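Start from the sequences, fold in the hints, and give me the full structure.
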Amino acid sequence: MNAETVRLWLDDRLGIGSIAAVARKKEIPVHRHSIWYYFGGMTLFLFSVQVVTGILLLLYYRPSAETAFESVQFIITEVKFGWLIRSVHSWSANLMIATLFIHMFSVYFMSAYRRPREMTWLSGVMLLLLAVAFGFSGYLLPWNKLAFFATKVGTEIAGVIPLVGRPMLRFLRGGDDVTGATLTRFFGFHVAVLPAITTVIIGTHLMLVQMHGMSVPPGLEGQNIKKMKFFPNFFLRDLIGWVLAIGALAALAALFPWELGEKADAFASAPAGIRPEWYFLFMFQTLKLIPPKILSFDGEVIGILAFAVGGLMLFIVPFLDKPGNPRRKRVFTVIGVIVVLYIVALTIIGYLD
Amino acid sequence: MELDNTGRRRFLNYLLGTGFGATLIAIFYPIIKFITPPQVIEATQNSVTAGKVSELALNSGTIFKFGNKPGLLIRSAAGELKAFSAVCTHLDCIVQYEPDKRQIWCACHNGQYNLSGQNVGGPPPRPLEEYVVNTRGEEIVVSKA
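If you read the sequences in order, they're chains P and F. So the first sequence is residues 39 to 391, counted in this note's numbering. So the second sequence is residues 207 to 351, counted in this note's numbering.
In case anyone wonders, no lab produced these hints; they're calculated from the structure. Check before you lean on any hint, since a few could be wrong.
Stated by the list, open to error - Below, in silico cross-link-like pairs of lysine-lysine (DSSO-like), each with a Cα-Cα straight-line distance of 27 Å or less: (1) P:Lys301 <-> F:Lys271; (2) P:Lys326 <-> F:Lys239; (3) P:Lys265 <-> P:Lys64; (4) F:Lys275 <-> P:Lys326; (5) F:Lys307 <-> P:Lys64; (6) P:Lys331 <-> F:Lys307; (7) F:Lys239 <-> P:Lys183.
What the hints assert, rightly or not - Far from chain P, by Cβ distances over 12 Å, these chain F residues were calculated: (8) Phe226; (9) Pro329; (10) Ala351.
Owing to the predicted nature of the structure, the values given are computational and were not obtained by experimental measurement. In this text, a Cβ means the ideal position worked out from N, Cα and C, and glycines have one as well.
Following this line, the structure appears as structure tokens:
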């Protein structure tokens, strides 16, 4: 039996030939903005690192208030290469959020969300929210002091939303306070609920990208653009990026191993200098600067509702910005620049503060 | 003669629709109830021994357990005893006493309260809940007003 017989046998049953035909047909436009095409694939690669390292951590992690901190301590001190796996998981999570932001803003500034890619954008924003939910739920699992207060504040933020806030807070916390019940719940979200939803939406997102092909920025439309074969040309370039990412992850994990900190204590004051992960810092800083009362409303309620409205606007961007109107396109570019500047400025202030 | 079946069709569609709807409700109602955590009845504690006077230095504060919530007990520079709920009114963090500034501080979002529990700086919208402090010999007894 030779390789060709095996290939034919499998092709009969799996239809590999037709998939290969699609891959052969796929082309990537080559122009001065092509660099931005790499960040979606990079995010996907870092996500797969999360899946692998996450499953590995799952083999030793014990999700309860009495054992969680100790089991993470065990992983990083006793288990061979445990420190490496945990650090890579934490670093990759952060890099993934970073590449996701870059991917999203590049799609935004190139107006790639326009017809017929509205649904691709919607599924992408959902994936952003899921990634943040992964980050938030995973942060609590080591059950250290910083995580404990981050979860108190984060869930309380959900709690101050009028009407739905209180039931949402109890649902998230598994009770009225952040306790072992919260930890178990977040564990369930982090390793079961979120991965299940994410798998479906990533599948949809990728399928839509294949269906519509790569978007060409509006400024270059109608011009004669060079193309590159996706397979193997662009894919090999992707691969170089992924190898570099593995190198970066290994270097970061080795040089800056992720701290475990002190075990959570429900009867200790919040430590000085406490701050959330960098991707929440701009919201954190906003909440710090907002006055206690705006008219007769609590300041934080106004701030949180403003962020909720911002999130909603992000979702419906493709329905607000329609093609064929250069002035509107410019307005959206300006809004995008302001948002990026705001996030960068408040993140820097948050670190200096 | 032509049979008019539209009445029967409508009736069957209605049965099918309501049956399907009822099944969905029967599936999701228990799930939604399940994920809503049960109310735990707290033992209502109205007073607690928070510590001993001799163990609390002048111009210092300490966290004590008031039931399952943290409280903050302060002995001011003048020796006066004060007790508050330690839960920041902004976003649920646990506050601490800052001896050098002689004020109560929340590290999470830089909330500040004075020694009467009034919110005097940063984002907290309301004062801290104040408790009544009594001494019984050496023991400091804190109770809800």
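Structure-based check of each hint:
1. For the given pair, P:Lys301 sits about 18 Å from F:Lys271 by alpha-carbon distance, which is consistent with the 27 Å threshold.
2. A threshold of 27 Å between alpha carbons decides the hint, and for P:Lys326 with F:Lys239 the separation of about 36 Å lies outside it, so the pair is violated.
3. Of the supplied pair hints, the one linking P:Lys265 and P:Lys64 holds, its CA atoms being roughly 10 Å apart against a limit of 27 Å.
4. Distance hint between F:Lys275 and P:Lys326 is fulfilled; the C-alpha atoms sit about 24 Å from each other, no more than 27 Å.
5. Restraint check for F:Lys307 and P:Lys64: the C-alpha separation of about 66 Å exceeds 27 Å, so the hint is violated.
6. A hinted pair counts as satisfied when its Cα atoms are at most 27 Å apart, and P:Lys331 with F:Lys307 qualifies at roughly 24 Å.
7. A hinted pair counts as satisfied when its Cα atoms are at most 27 Å apart, and F:Lys239 with P:Lys183 does not qualify at roughly 31 Å.
8. With a minimum CB-CB distance of about 23 Å to chain P, F:Phe226 clears the 12 Å threshold, and the non-interface call stands.
9. In this structure F:Pro329 is not separated from chain P by more than 12 Å, as the shortest Cβ-Cβ distance comes to only about 6 Å.
10. A cut-off of 12 Å between C-beta atoms confirms that F:Ala351 is not in contact with chain P; the least separation is 21 Å.
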